[in-house]
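Engineer: So you can see what is in the structure, the chains are spelled out below.
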Amino acid sequence: MNISNIIALLRKEFLLEFRQKTSLASILLYVLSIVFISFLSFKNGIKPDVWGALFWIVLFFAGINAASKSFFTESKARGIYNYTLYHPTEFVVSKIIYNILLLWVVSICSVFCFSWLINYPVQDSLLFLLTLLIGSTALAGALTLMSCIASKTGNSYSVMSLLSVPVCIPVMLMSLRLTKNAIDGLEWSVSYKYLTGLLLIDVIIITLSLFLFRYLWKE
Amino acid sequence: MKNWWWKIVAIALVLYSIAMGFIGNVPHLNILNETIRNLYFHVPLWFAMLVQMGISWFFALRYLNGYNIKYDMLSSRAAYVGGMFALPGLITGSIWATYTWGKPWVAEDPKLQGVMAAMLVYFVYYLLRALIPDAQTKARISAVYNIFAFIMTFVFIMIYPRLAPNSLHPGNGGNPAFGKYDMDNNMRLVFYPACIGWILMSVWLLNVLNRMKKLQYNLDNDEKIN
Numbered sequence: 000m001n002i003s004n005i006i007a008l009l010r011k012e013f014l015l016e017f018r019q020k021t022s023l024a025s026i027l028l029y030v031l032s033i034v035f036i037s038f039l040s041f042k043n044g045i046k047p048d049v050w051g052a053l054f055w056i057v058l059f060f061a062g063i064n065a066a067s068k069s070f071f072t073e074s075k076a077r078g079i080y081n082y083t084l085y086h087p088t089e090f091v092v093s094k095i096i097y098n099i100l101l102l103w104v105v106s107i108c109s110v111f112c113f114s115w116l117i118n119y120p121v122q123d124s125l126l127f128l129l130t131l132l133i134g135s136t137a138l139a140g141a142l143t144l145m146s147c148i149a150s151k152t153g154n155s156y157s158v159m160s161l162l163s164v165p166v167c168i169p170v171m172l173m174s175l176r177l178t179k180n181a182i183d184g185l186e187w188s189v190s191y192k193y194l195t196g197l198l199l200i201d202v203i204i205i206t207l208s209l210f211l212f213r214y215l216w217k218e
Numbered sequence: 000m001k002n003w004w005w006k007i008v009a010i011a012l013v014l015y016s017i018a019m020g021f022i023g024n025v026p027h028l029n030i031l032n033e034t035i036r037n038l039y040f041h042v043p044l045w046f047a048m049l050v051q052m053g054i055s056w057f058f059a060l061r062y063l064n065g066y067n068i069k070y071d072m073l074s075s076r077a078a079y080v081g082g083m084f085a086l087p088g089l090i091t092g093s094i095w096a097t098y099t100w101g102k103p104w105v106a107e108d109p110k111l112q113g114v115m116a117a118m119l120v121y122f123v124y125y126l127l128r129a130l131i132p133d134a135q136t137k138a139r140i141s142a143v144y145n146i147f148a149f150i151m152t153f154v155f156i157m158i159y160p161r162l163a164p165n166s167l168h169p170g171n172g173g174n175p176a177f178g179k180y181d182m183d184n185n186m187r188l189v190f191y192p193a194c195i196g197w198i199l200m201s202v203w204l205l206n207v208l209n210r211m212k213k214l215q216y217n218l219d220n221d222e223k224i225n
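For the record, the sequence lines run as chains A and B.
Here the first sequence is numbered in numbering that gives the first Met the number 0, starting from 0 and rising by one per residue.
Here the second sequence is numbered in numbering that gives the first Met the number 0, starting from 0 and rising by one per residue.
Next up, chain B with everything else stripped away, as it sits in the complex:
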């Protein structure tokens, strides 16, 4: 119970948010209507992805400071988990956009451009890791790319949408928002647990993948890490 209570919390919160996401009460806004329920799925998935990419970035920095292969494992696994969460985030967003904006992909939206850039960065990161055979070189080079690319993506996601305020996302440029005005307290009761639940889920996934990688490493190498 000491170490795995948070996994139970994660399952409970995610199940709760899925159930309440479909049957709970939502305010009926123009255009959005029932599609506002996507808030419970789409946004927490992105949050989980951002958290994983932050973890990946942090451990890339830790790796460069001392070259401990343990941190490279965490960093690369977190990047993989981030990618895994990006895909359903993208799909839920596209389904929602089909019914709200009329098409699954609106190229002019700076948030979509940012997401595409972030996904490209991480696909290239996986490719780069696959291209370098030697473990230490792979770790070093990909950590450098990770740090550089993360900051560029962060700049892109954080600065560019503010310069070009024509995002179609709810809450931007005068569109009906999930945020300040339209999310009533009923929705908050589902939205915040959903965020926490999905982030915990992603951390759990990272934990499992990292342990797998560690076992594999200890099988292949003479010097063990714990």
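So here's chain A without its partners, still in its complex pose:
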């Protein structure tokens, strides 16, 4: 494993992202339209606990949209080229870092969309921010691996969402619980065990992805 290779791969990802601005824009547009639909559906305002659930569901599907691109856009020829150049761990680390950063951006943007169009009921913003960062890190790790698995099957996008839902349930539940605590502004001592649980899941997901990716990459 070589750090400079990882940086080179990351640089490539960001260059691609900024050259074809449509991809990030499409995800943000997706979030905006879903939030707008929710705003239209809930005429009488959204209760705080519904807000949390809605927020994470929107973020989850936006995350699937965002992460699904990480392997679907890789052509077969480029895959072989990368295979000769990089170690699988370098490759997957760069993908995971990129997806984590992408999901952080998407989650912050969804918070803005929600607070602009609907409302912002969160009392403990620091806890909420922490939940967002840790939770979307776990989502990014799991979705990266799932996107790689899905790219091996024919009809990728629907398979991707199917594969991701069951493995992301623990992450979603923990994040929802933490979000609810943040909305209610509870003491931090209540939330510590969930935070450590979520961090533990982060570590497990990322280690598993690093370990399992090499078996997926080889044809």
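Treat the hints as calculated values from the structure; they're not laboratory data.
Computed from a predicted model, the values in this text were never measured in an experiment.
Every residue, glycine too, gets a C-beta built ideally from N, C-alpha and C.
Don't take every hint at face value.
[Unchecked claim] Listed next, the stretches of chain A that the computed footprint assigns to chain B, with coverage defined by at least 3 CB atoms under 8 angstroms from CB atoms of chain B: (1) 44-51; (2) 143-153; (3) 168-182; (4) 196-205; (5) 209-215.
Since the structure of chain A is already known, use the hints to place chain B on it.
Structural biologist: Just chain B, lined up with the frame of chain A:
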């Protein structure tokens, strides 16, 4: 006799546990009353399912270490057997819950959430296997998904209920328990044989399915495996 004595043991234990499960003596606890007999059916079925999913996980790891298609067969068959045992486990649980909790499905119970997540994982696993035509690719991809999903489910079943201790299951959160206090020695005499019997049954089923798959493979392919 050398190789099939355990099958006889399995049949005997399961028949014994069914018979004694209905006619044996049970302690009469509040709320639970006679429904405590479900312990002899519901819990051993889950144990058998967990054992099969563990076997499936173990052989998925073995498969990735050397790509021997034999282990993929075992791994995938064990996942199917696990699914087969999950269904009656779910049904017996739902029947029991209807009479004890008042409704068949209580969404707030972390154990039920965990079970649902596990079932979803294995349904998706079957779907994934059905989607990939090539045998080796199918084996490799589904082994990766199996390992990842098993650990996530395990985390979910083992860690999450401890963080959210509001399970309605007997023995959790101050509910009357099958476990420490309420299961008397009479019940243990039925419960442990039932567990062993159902686990042996599931292993037998796995054995049969695996042999079937192997025969099919040897018919379709030139290179034989034994």
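Engineer: Work down the list of hints and note, for each, if the structure agrees.
Structural biologist: So, going through the hints one by one against the coordinates:
Figure legend: the region 44-51 of chain A, annotated as covered by chain B; annotation inconsistent (0 residues with Cβ-Cβ distances under 8 angstroms, at least 3 required). A count of 5 residues in the region 143-153 of chain A with a Cβ less than 8 angstroms from any Cβ of chain B is obtained; the coverage claim is therefore met, three being the minimum. Chain B is given as covering the region 168-182 of chain A, and this holds because 5 residues of the stretch bring a CB closer than 8 angstroms to a CB of that chain, at least three being needed. Counting residues of the region 196-205 of chain A whose C-beta sits closer than 8 angstroms to any C-beta of chain B gives 5, which meets the bar of three, so the coverage hint holds.
Remark: the region 209-215 of chain A is confirmed as covered by chain B, as 3 of its residues place a Cβ nearer than 8 angstroms to a Cβ of that chain, reaching the required three.
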